[in-house]
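A.B. asks: One-letter residues, chain by chain:
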Amino acid sequence: MNPTHATGDYLIRGASLLAETTADLLVSDGRIAAVGPAAATDARAASATVIEAAGLVALPGMVDLHTHLREPGREDAETVETGTRAAALGGFTAVHAMANSNPVADTAGVVEQVWSLGRRSGWVDVRPVGAVTVGLGGERLSELGAMADSRARVRVFSDDGICVSDPVLMRRALEYVKAFDGVIAQHAQEPRLTEGAQMNEGEVSAVLGLAGWPAVAEESIIARDVLLAQHVGSRLHVCHVSTKGSVEIIRWAKERGIQVTAEVTPHHLLLTDELVRSYDPVYKVNPPLRREEDVMALRAALADGTIDVIGTDHAPHPSESKECEWAQAAMGMTGLETALSVVQHAMIETGMITWADFARITSTVPAAIGRLGDQGRPLAAGEPANLVLVDPAARWTVDPAKMATKGRNSPFRGLELPGAVVATFFRGHPTVLGGALNTPLPLDGGA
Amino acid sequence: MKHLLSTLDLSRDDAIRILDIAEEMAAVGTREVKKLPALRGRTVVNLFFEDSTRTRISFEAAAKRLSADVINFAAKGSSVSKGESLKDTAQTLQAIGADAVVIRHWASGAPARLAATDWIDAPVVNAGDGTHEHPTQALLDAFTLRRHWARARGTGSLGTDLAGLKVAIVGDILHSRVARSNLWLLRTLGAEVTMVAPPTLLPVAAGSWPCTINYDLDDALAAGPDAVMMLRVQAERMNAAFFPNAREYSRRWGFDDARLAALDAHGLAETLILHPGPMNRGLEISSGAADSSRSAVLDQVSNGVAVRMAVLYLLLSGDQQRTANETQG
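Read top to bottom, the protein sequences are chains A and B. Quick note on full-length UniProt numbering: the first sequence kicks off at 1 and runs consecutively. Quick note on full-length UniProt numbering: the second sequence kicks off at 1 and runs consecutively.
Next comes chain A alone, as it looks inside the complex (with noise of 0.2 Å):
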């Protein structure tokens, strides 16, 4: 029988907190019993198990604010309890699981049903995103406030891989979430400018005949929402920016005070449309990747905070939606497990943040949008042991076939990356050790 709560005691020794100062830490009873000096003397610190920490950079559990879980509906390419166990090995001790299941978690229902599995599994926290949209039909408004008030304690909705295209609508779910501190995350594509979309539209699309996605698409539908959230005074998130023209709208809105986050995908730090020139369906997903320009001011963005934070669009599929034609395959790409690679490669390797910066877009500020009270927490005393050890040092190469995700369909495949997760605590438990799954805490047996 697994542990239903932490019952080991941690103590991490000479771990260098976000790169900044070395200390040692004590982790009991699923908090952060000590930093420093104390750590050592802790009456606790005897009998603790003792990780050594030196070389290894201590963060605070990553938060992704963009998983697709797949259950329930296609458990053929995703399980929560297989996304969960890949989002621990990625250094995540919360992920929000997006709302594109089959039912859609458009009721109390399901996004309970969702959260219960992640209680059971126990790898990470779960949290359900609810659909805007009944269905995400784009007609009519779930039940925001019942799965607001359920078990799941909704606070993230969104009808992600399918926009809220009808203003009206939009406007009323912005609105109608302040009741209970909620946000909408839009996924920004208008829909009549990519009917059959395929790729990004510009020279490569030109070229390979496919046919084009227009950065204009994401840009309109942001334009929109970021005026209608000033109008309505509402939070507003964006998931998945994509395109240069929708950082110069995002930057703008912020500057006059709009309530609005953003949010970027690894593979968009990183990645472009001339990929797309092998028609490998691996690099297909929605938004597309775009042009190098693109790429330059996404992670412009995300270094100058006009972008909030990494959300890793994690969307697993089985082989047999990629092993095709390019039209015909699935939109997506695994994520979860080379997220902190890619932005450390992208961003940290660049100069153009810190590991003080990456806690904050991978945990500190997504926990914040999320209304998460016990993730993102500083490594201090006193708070939630979500924690992650990595190794920035480390340099491996992306192989799909030994991730824990069901999804072989990792655009990085063959990529030699740096930084390895050594360790992932989980309130105090940790859920990875030594770089592998340890064991689970499981927050009800199953009940």
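No wet-lab data here; the hints were simulated from the structure. Keep in mind that this is a model prediction, so the values were computed, not measured. Fair warning: there could be bad hints in the mix.
[What the hints assert, rightly or not] SDA-like cross-link-like pairs, simulated, lysine to any residue; straight-line CA separation at most 20 Å:
#1 K402/A - G434/A
#2 K87/B - G434/A
#3 K87/B - E320/A
#4 K87/B - C324/A
[Claimed, not checked] Label-pair restraints from in silico Cβ distances:
#5 R12/B - G351/A: 53 to 59 Å
#6 R251/B - A146/A: 57 to 63 Å
#7 E416/A - P244/B: 50 to 56 Å
#8 G351/A - R251/B: 57 to 63 Å
#9 G351/A - D219/B: 51 to 57 Å
#10 D69/B - A401/A: 37 to 43 Å
#11 R395/A - A205/B: 46 to 52 Å
#12 A300/A - E270/B: 41 to 47 Å
By construction, the Cβ of each residue, glycine as well, lies at the ideal position given by its N, Cα and C atoms.
Here the structure of chain A is known, so what remains is to put chain B in place on it, guided by the hints.
C.D. replies: What follows is chain B alone, placed relative to chain A:
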């Protein structure tokens, strides 16, 4: 050359080699016995996921004139229409022992997928994929133009390219695999290309292409092209607001009798009119133009067989020669 997937990645040497071999193949087509033993015992599969009688019979004639066995696999009514994947179809053809696969597919990049994966080892010939490329069409157009260009200069065409030739490609460039393949190949062979189309039927990034863009057909004709290639326009495009209606399209971008007369008025006695077929008479081309002495439409069809013979010959027997050399080495 292991496959023929696009003209974008076709070198000048390979292109000229194909065209030169096609000249020899064309000579076979004029003989009483139109058959060579070159591919005896080899199996060519025509794998057609999209209807195309013209291209299929052209490839079939080409393979048969080289004595290959031909299997026609049409997706409609086959296991593909019951949901069989491209991967399974390809592996089935591999197991059957196909020596070459000629694939026509509605999805851009499907031939490239076949070539890049390990689903099948055989050489892949792209017989038109979505709105991407149609390399053998471009090769037969180049063959037709090269003969014309050489004749105009009083030389033979063997070994020559299209340096200095001016070609206008007119119509639905956005959705045309013929336009893309022609652009790359014509440029590789030294020709100058002008794309003439409504702005809605050009890719937004067409400005990055190595060609001139002109929205005005009359203006483009006044510039004195040596050949005008008219593309098929689907009337249903007007439903997606690419143009207001067929009549307006025809007035502005159709090659009508007035424009045929304008070629004479401009003193362009040698300018050819090409069309990949099937033609929409009265829409993008008038019957007067299609049936005029300038029209190369039927030459294109017969040259298509010769060019496809050359491609199959190079991919199949070329491979054999290489294997033999490697064995000797």
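A.B. asks: Take the hints in turn and mark each one as holding or not.
C.D. replies: Hint check results:
Proximity of K402/A to G434/A is assessed by CA-CA distance (about 16 Å); at most 20 Å being required, the pair is judged to hold. A hinted pair counts as satisfied when its Cα atoms are at most 20 Å apart, and K87/B with G434/A does not qualify at roughly 39 Å. For the suggested pair K87/B and E320/A, the alpha carbons sit about 9 Å apart, so the restraint of at most 20 Å is met. Restraint check for K87/B and C324/A: satisfied, since their Cα atoms lie roughly 7 Å apart, inside the 20 Å limit.
Between R12/B and G351/A the Cβ separation comes to about 44 Å, which falls outside the hinted range of 53 to 59 Å. At roughly 60 Å, the beta-carbon separation of R251/B and A146/A lies within the given 57 to 63 Å, and the hint holds. Judged by the Cβ atoms, the range 50 to 56 Å given for E416/A and P244/B holds: they are separated by roughly 55 Å. The supplied range of 57 to 63 Å is met by G351/A and R251/B, whose beta-carbon atoms lie about 59 Å from each other.
For the pair G351/A and D219/B, the beta carbons lie near 52 Å from each other, so the given range of 51 to 57 Å is met. Hint check: D69/B to A401/A, Cβ distance near 40 Å, so the stated range 37 to 43 Å holds. A C-beta distance of roughly 37 Å is found between R395/A and A205/B, which places it outside the suggested range of 46 to 52 Å. The hinted window of 41 to 47 Å between A300/A and E270/B is violated, with their beta carbons roughly 56 Å apart.
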